[in-house]
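Residue numbers (the working numbering), protein chains in the order written: chain Y, 452 to 891; chain V, 558 to 959.
Hints listed in this document are in silico derivations from the structure and should not be mistaken for laboratory results. Glycine included, C-beta positions come from ideal geometry on N, C-alpha and C. A portion of the hints provided could be inaccurate.
[Said to hold, decoys possible] Okay, derived cross-link-like pairs now, DSBU-like style, lysine-lysine, Cα gap no bigger than 35 Å in a straight line:
(1) Y/Lys702 to V/Lys767
(2) V/Lys849 to Y/Lys737
(3) V/Lys849 to Y/Lys868
[Claimed, not checked] Selected chain V positions facing chain Y (in silico; Cβ < 7 Å):
(4) Ile559
(5) Leu561
(6) Ala592
(7) Leu679
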Amino acid sequence: MASFSFGMKLQGLALGLASRFAAHPLVRKYGLAKPAEKIAYISTKKGFQLIQKGLAKKSQGNKNGIKALPSPPPLFDLTLTDEQQMIRDSVKSFAEHNIRPLALAADEQAKLPESLLQDSQELGLNYFSIPESLGGAGQLSPMTSVLVAEDLAWADFSLAFAILASTSVTNTISRWGNKTQQALWLPKFCTETNFNAAIALQEPQPLFNSDLLTTRAKQSRKGYILSGIKSLVPLAGQAELYLVAAQFKGKNELFLVPAKAKGVSFTSTPAMGLRSAEVGTLKLDKVILDKDALLGSGNAQYKQFNYQQFIDSSHLSWCAMAIGCCQSALDYLIPYVNERFAFGEPISHRQSVAFMIANMKIEIESMRLLVWKAASRFERGEDFHRNAFLAHHLCMEKSMEIGTNAVQLLGGHGFTKEHPAERWYRDLRVLSIINGGLQL
Amino acid sequence: MIYLEVPKKLRTLVDQARQTADHVFRPISRKYDRAEHDYPIELDMFAAIMDGMNDALEDGGAGSGKLRQGKKDNSQIQNGINMTTVLGLAELCRGDVGLSLTMPRQGLGNAAIAAVANDEQLARFGNKWAAMAITEPGCGSDSAAVRTSAIKDGDDYIINGEKIFVTAGERADAVVVWATVDKDLGKAAIKSFVVEKGTPGMEVTRLEKKLGIKASDTASISFNDCRVPRANLLGSEEVNADKGFSGVMQTFDNTRPVVAAMAVGVATASIERTKELLKEQGIDIDYKRPAKLGSQLTAEVYRMEAELEAARLLTIKAAWMADNGQPNSIEASISKAKAGRVANDITLKCVELLGTVGYCEDELLEKWARDSKILDIFEGTQQIQQLIIARRLLDKSSSELK
Numbered sequence: 452m453a454s455f456s457f458g459m460k461l462q463g464l465a466l467g468l469a470s471r472f473a474a475h476p477l478v479r480k481y482g483l484a485k486p487a488e489k490i491a492y493i494s495t496k497k498g499f500q501l502i503q504k505g506l507a508k509k510s511q512g513n514k515n516g517i518k519a520l521p522s523p524p525p526l527f528d529l530t531l532t533d534e535q536q537m538i539r540d541s542v543k544s545f546a547e548h549n550i551r552p553l554a555l556a557a558d559e560q561a562k563l564p565e566s567l568l569q570d571s572q573e574l575g576l577n578y579f580s581i582p583e584s585l586g587g588a589g590q591l592s593p594m595t596s597v598l599v600a601e602d603l604a605w606a607d608f609s610l611a612f613a614i615l616a617s618t619s620v621t622n623t624i625s626r627w628g629n630k631t632q633q634a635l636w637l638p639k640f641c642t643e644t645n646f647n648a649a650i651a652l653q654e655p656q657p658l659f660n661s662d663l664l665t666t667r668a669k670q671s672r673k674g675y676i677l678s679g680i681k682s683l684v685p686l687a688g689q690a691e692l693y694l695v696a697a698q699f700k701g702k703n704e705l706f707l708v709p710a711k712a713k714g715v716s717f718t719s720t721p722a723m724g725l726r727s728a729e730v731g732t733l734k735l736d737k738v739i740l741d742k743d744a745l746l747g748s749g750n751a752q753y754k755q756f757n758y759q760q761f762i763d764s765s766h767l768s769w770c771a772m773a774i775g776c777c778q779s780a781l782d783y784l785i786p787y788v789n790e791r792f793a794f795g796e797p798i799s800h801r802q803s804v805a806f807m808i809a810n811m812k813i814e815i816e817s818m819r820l821l822v823w824k825a826a827s828r829f830e831r832g833e834d835f836h837r838n839a840f841l842a843h844h845l846c847m848e849k850s851m852e853i854g855t856n857a858v859q860l861l862g863g864h865g866f867t868k869e870h871p872a873e874r875w876y877r878d879l880r881v882l883s884i885i886n887g888g889l890q891l
Numbered sequence: 558m559i560y561l562e563v564p565k566k567l568r569t570l571v572d573q574a575r576q577t578a579d580h581v582f583r584p585i586s587r588k589y590d591r592a593e594h595d596y597p598i599e600l601d602m603f604a605a606i607m608d609g610m611n612d613a614l615e616d617g618g619a620g621s622g623k624l625r626q627g628k629k630d631n632s633q634i635q636n637g638i639n640m641t642t643v644l645g646l647a648e649l650c651r652g653d654v655g656l657s658l659t660m661p662r663q664g665l666g667n668a669a670i671a672a673v674a675n676d677e678q679l680a681r682f683g684n685k686w687a688a689m690a691i692t693e694p695g696c697g698s699d700s701a702a703v704r705t706s707a708i709k710d711g712d713d714y715i716i717n718g719e720k721i722f723v724t725a726g727e728r729a730d731a732v733v734v735w736a737t738v739d740k741d742l743g744k745a746a747i748k749s750f751v752v753e754k755g756t757p758g759m760e761v762t763r764l765e766k767k768l769g770i771k772a773s774d775t776a777s778i779s780f781n782d783c784r785v786p787r788a789n790l791l792g793s794e795e796v797n798a799d800k801g802f803s804g805v806m807q808t809f810d811n812t813r814p815v816v817a818a819m820a821v822g823v824a825t826a827s828i829e830r831t832k833e834l835l836k837e838q839g840i841d842i843d844y845k846r847p848a849k850l851g852s853q854l855t856a857e858v859y860r861m862e863a864e865l866e867a868a869r870l871l872t873i874k875a876a877w878m879a880d881n882g883q884p885n886s887i888e889a890s891i892s893k894a895k896a897g898r899v900a901n902d903i904t905l906k907c908v909e910l911l912g913t914v915g916y917c918e919d920e921l922l923e924k925w926a927r928d929s930k931i932l933d934i935f936e937g938t939q940q941i942q943q944l945i946i947a948r949r950l951l952d953k954s955s956s957e958l959k
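Pulled out of the complex, with its shape left as it was, chain V reads as follows (with noise of 0.2 Å):
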């Protein structure tokens, strides 16, 4: 039966992270945009809170850390885990992008451990806040040519190797680290490791100044001569040439709705925002007269909420599939480049229709127009995205259509 509400049993939650948005991160939103690196502090106690509305939930709670793909059901349909993420964490992003990046224990390496994580990994690295670490100074969105090598050694593994753009890499307990076993293997031969903070041979060595999200850390970690316990390889140790990147892969399908939530929280700040102040200046955006027959002005206001509303429910709609055990490669996809892009046009364009006041730092338009620009590159930039749905659609290989 065709539902496309926010399901009556999770609008409590909705409801708390929409005030955790107003009451917890606005009102230092500015201060930790101003303060790049600085760790907010207040966090802490917001994590201790989040923990125990997670746990008090009846499913299992909401989160990074909790992601997964349902089972199918044909007889009972799930508003699970996915759904719940995505719900909540739109409306954390509302409130601010930065400060929800660097929550702890929700980092993208918790949702790769949820993902493919055996029992015994689960009971150690479960509670552990974890980054993720792809990306390296070499490559980017094609993550099949990471170079960070993980050689086996008795019953353990020797990392070498240069990560960066590790989200909440300083900050976090644990980094999940791709590297390939074998470089003449191809992709086939990467695979991701738990490595904790602490380990010998993994160092911080710097975090980046960026254009936005400054709330949260960027880091650059290098891993020399760096030791970690075969255990802590998620997934399987064989090289398959079948499964193993694809299975690598797969935590993407759960974690790109995430990032595209996240694009429709701040999407939503600045619509809601910009409405109040065109409101204060007498200007009603009230779905009355068809666009074309009033301003530019509103047309531009209707166009950005139909947009936004697109992307919300596409963003719903790939946790749905996930939560329901629907294969959703191409929905996750669907939902991240729509709302990536939606959201950085939307943040722009209010700061455009506003003037100074879009522009300056009394209000948060601009530092919302500054953050949603990496929603639309990392997880997978909005042209790889269009890639896996074209080469979907087409039916073709990665090596037909590049």
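Only chain Y is shown next, with the shape it has when bound in the complex (with noise of 0.2 Å):
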């Protein structure tokens, strides 16, 4: 790669010096200007073409005699693969047959559906990321994640909220957990009885910031103490195992936490949104905890956890579901203003009503690009912090608007319960709130 960008400097120099020439005004005068161009054009193409050979040339050269599959060269490329287009069909099926008919209901009650955590388990998303040795599918794609969330919000944001919960948990420890942390837990998630789990990171004072955590764990002869309050955890305190985010010796970490641990208690605090997904307020007294309960602790290197990433990552899940979230509401939205009459005709042919439709579908196909951009880096272990960090800064103003503008476009019926668009109005807003909380 030295040897080719030095070559573009000498090209860019090259670039500067013809332009300069070309101005002069004697060029103009003898007649020189149109010979150059000529030379400028052979040399050119003769230059690019040996660049272009050169790159052709490196990348086989990788190969080292050993015959490797090919694989294709890195092109732009918007198309999921099979295996994505399969998932996200039965995905999809299930959110509109299994949690679409219960969105309401369990809204209107704060009330997680009973069986709802148990039948998304034929999803098998929990146990996707899991290594096969331990019964999982092995199969971690913050790509395919994305695809997930998506498709489950769509259906409803808060339950596909409560669903992730234990994704989440499964895929950071399938992640970052070392052997025996994965070899305790990973298994639980595999049988036929459901196990609940939820990250807890959140915590209640304004200004929250994931880097400066307030819950603390201090070492301890036998292993850790952890101290704290975490907000916005789901699952209504049905979950038997919270990942905590605390500071440890200057670091942000994670604490793997039975629900059963002594010190730890869980008090519902229902919120604006999110209310099916049963959020309260966990509470971490002096909890005592073993030498395994850090996660991913003894890792190699390149294994080590990664607090950025894991915040980063959380995001995109966050705004995926936003990206559902407002999928749903376009396609709630269209058939509404193409039926909705005033002054004797269809409110969508005022160009008030349409543009915002049609800004809705600018701003959903922007936000999608932004998440697909960063999980897919995220998936080929580039770095995407910066990625993600703009996915959620265009998710969080984007989708909020969105949730007010279905509201606006539904007028006095938005704002009643007959539709769905305050909940997502409601829902919308954890955009701004959250940092973290979920996991690719």
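Using the hints, build the complex out of the two chains.
Set out below in structure tokens:
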């Protein structure tokens, strides 16, 4: 690559010279421009072909004589793999038939539908990421995860959050847990009986910053002692395992905390939205944990827990859910504005209405591309912090705007529980609140 | 397989375009912003380099003159001419939009020729620099209302009328003129004709003085009994209510992402420079703290970067679809709507953030903020794009959703 970029610099210099040469009055005067342009054409063509050939050779040279499977050149591509398409189809169908019909009542009652978590096990989301040796599918795929999150949330944001709570925990343990932790916890998610878990990260103070956790862990003789308060924790205290973010020795870490451990208590604290996920406050009062509680302890360098990635990927989960919610709003509004009459014609014939619909589409597409780009980079092991940061920023602004406009387009009806828009309005606010809590 | 990066095989081209922006366009950017209507002679040399680059590319190169819809082939993904053009042009416009618009042989007329010309016409006009003449004093966005007429006379057509806002109209070798062959038959009767420079009856009557893109000439052209051979009519001669107008409109599916790419380019320039200037003031845009925990200023930069990234990806997506033979009307309009408004917003906001440094001519920021406005207007205004998108989504005709 070094020689290549040096070549580029030379070409840049030459371009600058060529340009100054072209503008020189003498060049014009003596008719030198045309022949010089011809030379420029030929030398550029040759040079350019050489660079291309060099690139082609370099990529072949990597093989060292060992015949590897031909990997396709990385081309810009928006096509899902067959597997992703299949997963999408089944999740979408489950979402439509098994989640959406429950959403209204679940929100009204602020209650998780009884068998939802058990039923959604049939999608296999929880053991998707778990290593094959432990009974899972061994497929940790951030890209597929954002597709799943979008499709679940298309049916209902809050219930999707509840369903993905455990999946987020298995994903995290599969990615960063050490051998002991994986063997201890992951098989529990692969059995017939439902095993619930959730991540606990948010803290109930204004200006909460996930980099400055007030939940602290101290080293004890046999392990750790954990204290702090976590908010917006889903599943009504039914989780059997919590992944709790805490500061330890000046670093942000995750601790595996069994719900039964002494000093752990859950209180219901309903919020503006996400009501059916039954969020609450998790209190950790000098919880005593054994030495295996620190996620990824003793891991080799390459597998060490990466808090920044954990946070970034969590943002992408939320973003993907917001996109699903916004898409369902758009899908709902299109027939509505076509059927709703005012002044003798459908309100969709008014630009003020039609343009709001157009803008929803534009921004949903925008959000999706930013999230896909970040998630696919994460999947390939490339740096994706900036991408996730910007994706979150965009999704926060645009999805909340769509949530607001969805109610507005329905007018007074949108303000009532006759339509789901008021629920989207409340649920989507979480995008500006969260800072972690899920995991691709 | 989802992969949303610049493809490896095009990175050389993108780098090359970037170098051009830095070493060819930027140094003369202010010069031609001040000397409106002077021809940037430096570009002849550059055009030759560009042709060399294009012809060296395996799959036929890039540029307006090569744009066409790819063939649908499920077995293999293409990153072809449409993508190459948007990626290259975004980089060039990071250098200068006005100069990019006045690059020989890269006119919008070339895109129209590439899209609909037959082989014989391609051979005659393929290497000519062609401008596009649609707008008239009495019709802009409503391009179906053109009054310029083309009356058949033996083997010729006789064109009469007045065209305005013809980009590169004075410098180009030919102009693609939209005219109606029969005013009573409505938009189906609108055809496009290639009129070569020097054809009797065609005259450039004035050059506009503009807010921005001053390096690019914007001409008014009048046609008085201008006789062109019928072999210069692009597309089918027959007036067909189903196909006629939509045929000419189809060019836009390929050219709108190109204009979107220009918008992405100029917005990139503004953000890059703004970040450099902020850095000198000790303000680092480091993506470390959530925006709401930082300053208003950094939050604004994050917002602009996110919007720009969205515009960039939407643009590449629309081009990718064209390359792969997927119908992309709605995506082309989405990219144009988003990129147009985002670029205008970003370039203006950067001026605002930087105070007199942004506002004065020592920096190019104020120029970019003037240049960007046109990108939300030509090739379909913001509002036209929104109409197109809304009509498609809501399944409405242009008489229902006006």
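Tell me the hint numbers this structure goes against, listed in increasing order. Going through the list in order, the structure violates hints 1, 6 and 7 and respects the others.
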